[in-house]
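*Asks:* Sequence:
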Amino acid sequence: MAKRNNTGLPMGEALREFIKENRLEKGMDRVSAREAWKSVMGKGVNNYTNAIELRNETLFVSLSSSVLREELSLGKSKIIVMLNEELGKEVIKKLVLR
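Using the numbering used here, the letters of the sequence shown correspond one by one to residues -19 to 78.
Treat the hints with care, since some could be wrong.
As a list, the in silico PhoX-like pairs of lysine-lysine whose alpha-carbon atoms are at most 20 Å apart [said to hold, decoys possible]: (1) Lys18 with Lys73; (2) Lys6 with Lys69; (3) Lys56 with Lys69; (4) Lys18 with Lys6; (5) Lys74 with Lys58; (6) Lys18 with Lys0; (7) Lys69 with Lys23.
Read the hints as simulated data drawn from the structure, not as lab findings.
A quick note: this is a predicted structure, and the numbers were derived from the prediction, not measured.
Make the full structure from the sequences, and use the hints.
*Replies:* Next comes the structure, spelled out in structure tokens:
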């Protein structure tokens, strides 16, 4: 059983420490990337989004509209910057639109 630290940490800091100690960052990043996509891209794009998956710093997004896919592919680098800003750290380095 883990040793209990009674240092009076704020809840947010204690959660970050727990996530780090249990090596849960990648899983949390996957969930955060999905939420960031939904937040940054808005309802219009989300209506055509089928699946979002983060694998090894690459975000794979499946879209049901080929026209939208082409439009978004023109601004991939800007989308990556906006998503990383929303996440607060550089999680996404590549974006693949399918």
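*Asks:* Next step is simple, just say for each hint if it's right about the structure.
*Replies:* Here is what the structure says about each hint:
1. Lys18 with Lys73: Given pair Lys18, Lys73 holds - Cα atoms ~18 Å apart, limit 20 Å.
2. Lys6 with Lys69: Holds: Lys6 and Lys69 sit about 13 Å apart, inside 20 Å.
3. Lys56 with Lys69: Distance ~17 Å between Lys56 and Lys69 Cα, so the pair holds.
4. Lys18 with Lys6: Holds: Lys18 and Lys6 sit about 19 Å apart, inside 20 Å.
5. Lys74 with Lys58: Given that 20 Å is the threshold and the Cα spacing comes to 11 Å, the pair holds.
6. Lys18 with Lys0: Violated, at about 25 Å.
7. Lys69 with Lys23: 24 Å, violated
Hints 6 and 7 from the earlier list are contradicted by this structure; the remaining hints agree with it.
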